[in-house]
Amino acid sequence: MNLSLITPVYNEEENLPLLFESVYKTMHGLSHPWEIILVDDGSNDGSLSVLQEYGQRDPEHIRVVSFRRNFGQTAAIAAGIDYARGDIIVLLDADLQNDPADIPDMLAKLNEGYDLVSGWRKHRKDNALTRNLPSNIANRIISWVTGVYLHDYGCTLKAYRRPVLEGFRLYGEMHRFIPVFANSVGARITEMPVRHHPRKFGKTKYGLERTVKVILDLFTVKFLVSYSSKPIYLFGGAGGGLMVISAIIMMYLFFRRVFASVSVTFSPLFQTSMMFFILGFQSILMGLIAELLVRTYHESQRKPTYTIRTMINIDQEPRE
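Numbering-wise (the working numbering), the sequence shown opens with residue 1 and increments by one.
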């Protein structure tokens with residue numbers, strides 16, 4: 001199996017027939033063997049019945065995973081990746097706002113040597129105030145924090161080579177951060193404009209509260225990508241900074257005591273300085289503990305601290 005489409009489904013009963021029509025129209029024009037894995041995320045309408053009907057009609061191409069309850073889009077994508085058989089994986093929404101007709105162009109981009117092609121909804125057909133504006137702000141923040149500059153992290157339509165999806169698990173709202181994880185293992189990433197259509201049936205499942213979840217997940221992603229192998233850099237750096245502030249305050253109190261005869265111990269700055277020193281020392285200790293945990297994690301699972309793109313004239317397993 002060469003190409004796997006993965007589509008999370010949640011209450012999209014009316015959109016699914018149109019989705020299958022569009023997918024068949026696009027896929028029959030390609031020479032790739034393909035499959036589509038539809039993950040029913042605990043829908044409470046007739047979505048699962050529609051999926052079962054189409055799955056019986058075309059068991060060669062249509063595969064269905066059904067959750068016991070609603071676990072969220074990230075969990076649905078993770079399940080689809082787990083059960084996909086393709087070397088190339090394309091993520092696609094079920095609401096037809098993404099256009100399957102863009103898939104051939106994304107595959108052509110992959111063939112140029114890229115590992116990940118991210119869709120950019122350049123002319124997005126959503127509410128400008130409640131959807132587009134928060135999304136644009138979030139995209140700028142994510143790009144600035146992670147150093148992976150994309151216009152549209154929230155666009156589900158993305159194409160991946162399977163190796164860049166291995167080695168990490170998805171939680172929370174972290175499916176949008178897959179390009180960040182892929183970049184951390186050396187993936188070649190590009191972006192291309194894709195079509196975006198207004199939703200025909202149903203209503204969106206996301207509101208402004210999702211932006212808060214994304215920002216919180218960003219802290220986790222930044223830590224995992226930048227400091228998971230050397231947490232002492234984060235904790236030690238923060239601890240060292242606090243101890244420097246403590247030293248500066250103490251120097252100020254010392255000079256004030258010498259030249260102005262102002263008591264040190266009765267000043268609230270003395271307690272502040274001591275608090276900063278203790279917090280800094282504790283942060284450094286936390287960093288050392290985190291270093292032990294990281295080494296235990298890598299060594300117990302024999303997990304390497306590097307990733308390999310290709311090897312030439314090497315066929316043996318690495319030495320332990």
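FYI, nobody ran anything at the bench for these hints, they're computed from the structure.
Bear in mind that the values here come from a model prediction, so they are computed numbers and not experimental data.
Using N, Cα and C, we set each Cβ at its ideal position, and we do this for glycine too.
There could be a bad hint or two in this list.
To be verified - Using 27 angstroms as the maximum straight-line C-alpha spacing, the simulated DSS-like pairs for lysine-lysine come out as follows:
#	residue 1	residue 2
1	K213	K122
2	K122	K109
3	K25	K213
4	K125	K213
5	K109	K25
6	K125	K200
7	K230	K122
8	K125	K25
9	K122	K25
10	K213	K230
11	K125	K109
To be verified - Here are the in silico distance ranges between beta carbons for each label pair:
#	residue 1	residue 2	range
12	W144	E166	26 to 34 angstroms
13	R68	G241	45 to 53 angstroms
14	G167	W144	34 to 42 angstroms
15	R169	S143	20 to 28 angstroms
16	P59	N132	23 to 31 angstroms
17	H28	T296	47 to 55 angstroms
18	G147	R256	41 to 49 angstroms
19	D45	W144	51 to 59 angstroms
20	T296	Y83	24 to 32 angstroms
21	P193	L129	16 to 24 angstroms
22	L285	S261	14 to 22 angstroms
23	P104	D45	28 to 36 angstroms
ask   = Which hints, by number, does the structure contradict?
value = 3, 7, 14, 16, 19, 22
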